[in-house]
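Hints in hand, dock the two standalone chains.
Listed here are the chains, written in short residue letters.
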Amino acid sequence: MDLLYLSLQYVRHHRLKLVVLIFTITLVSWLPIAIQSIVDQTAEQLLDRADSTPLVIGAPGSPLELSLGSLYFRSKTSSTIPYSEVATLEQTGFSRAIPLYYRFRVQDYPVVGTSLDYFDYRDLHLAQGRPVAILGEAVLGSGVAKASGLGIGDHVITSPESVFDLAGVYPLRMPVVGVLSPSFSPDDDAIFVDVKTSWVIQGLGHGHQELNRREAIGQILKREGDNIVANASVRQFNEITVDNLDSFHFHGKNANNPISAIIPVPWDDKSSALLLGHYLEERSDVQIVRSRRVVTELLDTVFTVRDYIVVGIALVAAATAVVAVLVFYLSLRLRQGERYTLSRIGASGVQIQTLMATEIIAVLLVSALLCTALVLITRHYGIILMQQLLLS
Amino acid sequence: MLCRLPSLLAFFIFAGLLTACDEQSAPLQRVDKSETFVIAVNGPLHYFATRLLDNDIKVRMLVPADTDPAQWQPSVEDVLQLQQAELILLNGAGYSSWLNKVSVIDSRLVLTSGAARDEWIELEGQLSHSHGPDGEHAHGGYAFTTWMDMNLAQIQATAVAKALRARWPEKQALIDGKLVALLADIADLDNGYMAAATRIQNRQLVYSHPVYQYFERRYELPGLSLHWEPDLMPGDAQWSELQRLTSEDILFIWEAEPAVEITGRMSALGIEWVVLDPAANLAENDWLAVQKKNVARLQQRE
Chain A
0 MDLLYLSLQY
10 VRHHRLKLVV
20 LIFTITLVSW
30 LPIAIQSIVD
40 QTAEQLLDRA
50 DSTPLVIGAP
60 GSPLELSLGS
70 LYFRSKTSST
80 IPYSEVATLE
90 QTGFSRAIPL
100 YYRFRVQDYP
110 VVGTSLDYFD
120 YRDLHLAQGR
130 PVAILGEAVL
140 GSGVAKASGL
150 GIGDHVITSP
160 ESVFDLAGVY
170 PLRMPVVGVL
180 SPSFSPDDDA
190 IFVDVKTSWV
200 IQGLGHGHQE
210 LNRREAIGQI
220 LKREGDNIVA
230 NASVRQFNEI
240 TVDNLDSFHF
250 HGKNANNPIS
260 AIIPVPWDDK
270 SSALLLGHYL
280 EERSDVQIVR
290 SRRVVTELLD
300 TVFTVRDYIV
310 VGIALVAAAT
320 AVVAVLVFYL
330 SLRLRQGERY
340 TLSRIGASGV
350 QIQTLMATEI
360 IAVLLVSALL
370 CTALVLITRH
380 YGIILMQQLL
390 LS
Chain B
0 MLCRLPSLLA
10 FFIFAGLLTA
20 CDEQSAPLQR
30 VDKSETFVIA
40 VNGPLHYFAT
50 RLLDNDIKVR
60 MLVPADTDPA
70 QWQPSVEDVL
80 QLQQAELILL
90 NGAGYSSWLN
100 KVSVIDSRLV
110 LTSGAARDEW
120 IELEGQLSHS
130 HGPDGEHAHG
140 GYAFTTWMDM
150 NLAQIQATAV
160 AKALRARWPE
170 KQALIDGKLV
180 ALLADIADLD
190 NGYMAAATRI
200 QNRQLVYSHP
210 VYQYFERRYE
220 LPGLSLHWEP
230 DLMPGDAQWS
240 ELQRLTSEDI
250 LFIWEAEPAV
260 EITGRMSALG
270 IEWVVLDPAA
280 NLAENDWLAV
290 QKKNVARLQQ
300 RE
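Here the protein sequences come in this chain order: A and B. Each residue of the first sequence is one higher than the one before, counting from 0 in numbering that gives the first Met the number 0. Each residue of the second sequence is one higher than the one before, counting from 0 in numbering that gives the first Met the number 0.
Pulled out of the complex, with its shape left as it was, chain B reads as follows (with noise of 0.2 Å):
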């Protein structure tokens, strides 16, 4: 009986913190249940979801518009937004910086690149460091822009419509076919960049940034990235160390449109180029066909 007493006594204490009294007020979390959502972090993940889903429950992207997705950190009122999803759909490889600092539910987060986790590529000079009595860590991570490799757009898509599916069962067979009609499309996209990468891949290629390393990789398309903007022009140091190390066959591969004063520069030194655009976010035209006319302009170039 004395080896019980320590339980007792605990038993005892912990009794006393039993007492309350009764009020009703509003529930914790999903204050808005008048509309069913879910929420891409992406243009790529936003279409996928739109196209995979009926009109009953609406697909959010939270980015503003002339924002990068991946750069974007969602404010307190985005984050209420992000609690009351039914799911939240992530990119993958680090895309979404802000996950580690928010609070939203765990199970509701579809990571739709995990399946494809061991082709992330690691990004190369993360600085590190260490102070106190901690080690030495860094804040290193991968590219993200994995959508630009079709292989794993689809492995994305896949996820997606699988995402759905467990959440709302009796729309399979709705997503099912949608499903394979996406996946077709996507694949006449990674058909058409192979077919253009094949004309090109002798050319010197140069990246206005650095988020095509999926896109290099899938279609053997090697080269230098950047990092200018397509709406400020470079400055003369910019130009000259473009032109010191690149070969007369250049081909200049921009996120975006660029400016009009780039592109006379770009012609009076004979330097051809050709817009690529990710198409991270929400746009005029949707992501397929924005991918549609990057694989058409890709094709015009020998």
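Okay, chain A solo, but in the shape it has when bound (with noise of 0.2 Å):
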């Protein structure tokens, strides 16, 4: 008890040197363990995201920019394809197609164009509501619902893409009429559209008021046979409802519109190899990716640079060690008087050296506890942390 006493008392006098030894050996020990365990998860989902979805299609350009456009909807390049390439990959015979239209944002959350295959390709379910039915209708992937606290009967509205462009088109107001079950996967925090409706998003599509009706006739400018040229006045409608859904209509053929991206569905290995096979020989407008090669290769990147510090939180970790040491013995030294006062006052040997161990155990196993506490915490929140101290 009278050593308990001694022990606590000492950590008492001298807690700013241990704070500082507990805090250093707690990184070291750590840091190491965080990032191989955020690589490791990191590596595993970005692994099972890209193995679900073997193949991509899209413009010839950065295989790594279609892959994680594709896959997490993050690209900022505005590269695309023509709609036609659907049809052309599913005229091949070897494979169905998805198309995906992620180029817009409803605040930092993308705007995923697709068909309803898509939900059925990622075995999405709805929490609540319904699918995407007419144009114009969103669907929230979970993590949006959440973080927003939006749900069915509430309205998204579309980020513009540029301040400065005042010519540019109306942001769109869409209905949410459906929320996703969450599904761990980027899908969570996206908000899904029809592509047609991604179309009237950047202005390929509108409704606005009839033009040969007598309301309008402040906005005709002239009539040539057949053609009214109105001016830029003429109503257009920033939402689709029931009543005006009469009025949208698309400008040229869908074919023409662009899409980001296709995810090749093949109906069994056959048909993905030949599609592969297809697409890398007889293709040079559009290109085919590999999913997991280009993450593996990335990940390859990811991993040399783990590597190269983890090499050098050992080296840290090592020179702590020896400071740590040297920290306890410079220490040991200083309590020699100590040593001498407790063993005139009848201490024995083992209860002095008991003592002076305690320092080193209560800094080690605080240490141990703290770092074992942070691995936990890093394995089920280091990827969120990551992205935070990314971002901000």
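In short, the hints are calculated from the structure, not lab data. The C-beta atom is built at its ideal place from N, Cα and C for all residues, glycine as well. Please note that the accuracy of each hint is not assured.
[Stated by the list, open to error] Quick look at which bits of chain B chain A covers, simulated, 3 or more residues with Cβ under 8 Å: (1) 78-85; (2) 103-112.
[Unchecked claim] Dumping the calculated SDA-like pairs for lysine to any residue here, alpha-carbon to alpha-carbon at most 20 Å: (3) B:K161 - A:Q90; (4) A:K16 - A:C370; (5) B:K161 - A:K16.
Pasting the structure below:
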């Protein structure tokens, strides 16, 4: 009891030194484990997503950009291919085709224009509501719904691509008709619409008041035969409703409208191989990428960087260990008088050694406990923390 | 290594997006798997599919009986049904104007007149407009009553059969057998119309609506198209205009049986008329029976 009391008093008196020691040892122990854990977890999830989307077709350019854009909807590039590529792919007979158009945003959330096949393909389920049925409707990923507090009956408004584009397209106000269940994937943080709705967001389709009605006479500049030329004040609708749905129309053919990428869904392995061969050998205007290969190449880089970081941290850890030993050694030297006093007042040799060791044991034990706690936290939240750290 | 740093940064950013939790819920689509069905957008396609299939696969038509399928717009509930259909049989030539405004699975759409796209008749006099920074654009389209050309009807029936075979390969023999009979029936109609056309081709034809473009072209029976409703008495100005534009040897072709007061006025004016029902929607009699009656009525005219 006396021994415990003396130990606590020592710790209390030297708390600053001990805290610094605990912090340093905890940090150099935790960091390599945390990096390993985050990288392993992330690699596993990236490869899972890549495995679930083995092939992606898109515009020529960076395969990494195309893969990550198609898998995570985070691409900032505007490379597109025409929608006719969907039909072209299906005409090969090797595969179904799922279009993706992820150019637009609602705040920071990607608006993914796609077909209903996507939801079957990803095995996405509705937690509330129904699928998109008519132009202009949106289904929220679970993460979007949770973070924004939006649900069925609410609306989301697309973000303009540039605040300086004064002549640009009006933001589209879209009713939320469904919310997806969580899916452990980037789909949770996306807003899904029909690909045609994406084209409306882009301004390739629109609805406006009838120009051949009397109310529109103020907007008519001239009539030339069957052509009516109106000025820019023609009222365009920024929300698609049952009342104005009829007025919405697309300029030109859907086949010429843009999409970001296509996810091919081959019928079987043989079809997949034939499809790959077909696109690699016969198409230079589009590229087909193998997601796993692209992600693996990315991970190779990450693993290399990780290895460098871990080696660096190991060196720091070794230096820290040497410093810690030195600190403990000097501490023991400084406590020589203390040991003498204890001996003179009747403490046994074992008691004195135990008291001296308490400092070292306490530091190592507390560091080990903190490190374990941090590792557990990292395993659960490390990826999110890393994201917040990098994005901030 | 430095050149890979952006990739590394991207990696960590994307890594942050990979979180969620688990929960079970209902599938997004295919809510009701209890019945397998295809949907046809008009009467002829409904008839073709029904003729080609067994009873185990239902053929549905969502258009109410009193609505012209070409003017029909689906409700949200209709779209949800369309999303569950194994196949959606489309007429083509812009018949289903709602198609661009709903979310359906493209791979299930069957454009039955697609093989005859070159034969679609483009409508003239469509308004175009321009406003703002966009260029001029038109909302024009094609004549869409394709099945009134029995040659095109055969093409459409064949396209329906092809789509059904692709969807249900195990029924190939059945579908092929039924297709032969169906095509033979349509060929009989074609011959019937041809025969009737030779008897009236020297008469001046007036059509109550501009929905007979393919019929006029196939059977070489051009005529004047009006916008007269069979259940709505035309005004005096319309009657005067009709008399001004036509000769004595006029044969007026109605989409449906006209009202008694209309037939009375026609008789008084000496205008002969006949009903040529396109049978776009479902009716008491099936499409083939309606077409046979059309042929029979036409063949009674000289």
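Which hints, by number, does the structure contradict?
-> 5
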